[in-house]
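Let the sequences and hints guide you as you build the complete structure.
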Amino acid sequence: MNDSQSVTTQSTVEEWTKALAESTGSPGGGAGTGVMLSIAASLTSMVAGYTEAEETQREQLTGVHSRAQELRRIALHLADDDASASNAFGAAFRLDPGPERDDAIHQASVDAAKASAVLGERAIGAIEDLGWLASNGNPALIADVVVGFGALRAAIAGARTNVSFDLASLTSAGATLEEVKEQHPELWNTVTRLSDALDRIDELTAGVDKKAAPTEAI
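At position 159 of the sequence shown the residue is numbered 158 (numbering that gives the first Met the number 0), and the sequence of numbers has no breaks.
Among the clues, some could well be false.
[What the hints assert, rightly or not] Each pair of labels, with its calculated beta carbon distance range:
no.	residue 1	residue 2	range
1	T191	E51	51 to 61 angstroms
2	G97	P184	22 to 32 angstroms
3	T16	P184	34 to 44 angstroms
4	P184	A139	39 to 49 angstroms
5	D201	G62	17 to 27 angstroms
6	T16	F164	18 to 28 angstroms
7	S83	G124	14 to 24 angstroms
8	Q68	L94	17 to 27 angstroms
9	G89	E13	17 to 27 angstroms
10	G62	K209	44 to 54 angstroms
11	Y49	A18	28 to 38 angstroms
It is worth saying that the hints were derived from the structure and are not from the lab. Using N, Cα and C, we set each Cβ at its ideal position, and we do this for glycine too.
Shown next, in the form of structure tokens:
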């Protein structure tokens, strides 16, 4: 029996999802976003491992496989980073009203937005690798590719929403959204990039839907 056969979702996921189910906010949706990214990367790695490429495509396949394996590990660390940022975010809002609270909310909001932005950028970078497998991967695993797209879409949607929400939280100290945009242009633009990424995933998923779910054509 190999290692994969002896591992069940209860081995490690049970405790994490139990913590996610608690009304604590950490882990929360941001950390869940990181886990979804890790799932997408894991499925990408699996499909790549089952794919036999022609000589002209072997280098591309090796790159896809290697990047997916690395992303699986990184995504889980990013999930933990986001959980830490969520802790600080919640703590800032629990402070008594005053300048100290306003400063804490501002810093926590920026830090949380940055954590989600890093995760989102990693997710964007994974789209085309999964798209390559949709076209060139083992056709018997096209359903796994679509599940991977679903997990990746969830990760990007989560990152987009969290960055946007955290930026909007800066208005609690009196700033307008226009001022927030001017003060944090890179984070603001990240939201747009993540929105565009969602459109790209939808495009790629639609392109393989007939192969992945052929009963819908009847």
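Comparing the hints with the structure gives:
no.	hint	result
1	T191 x E51: 51 to 61 angstroms	39 angstroms, violated
2	G97 x P184: 22 to 32 angstroms	29 angstroms, holds
3	T16 x P184: 34 to 44 angstroms	37 angstroms, holds
4	P184 x A139: 39 to 49 angstroms	46 angstroms, holds
5	D201 x G62: 17 to 27 angstroms	25 angstroms, holds
6	T16 x F164: 18 to 28 angstroms	23 angstroms, holds
7	S83 x G124: 14 to 24 angstroms	23 angstroms, holds
8	Q68 x L94: 17 to 27 angstroms	42 angstroms, violated
9	G89 x E13: 17 to 27 angstroms	24 angstroms, holds
10	G62 x K209: 44 to 54 angstroms	28 angstroms, violated
11	Y49 x A18: 28 to 38 angstroms	33 angstroms, holds
The structure does not agree with the numbered hints 1, 8 and 10 stated previously, though it agrees with the rest.
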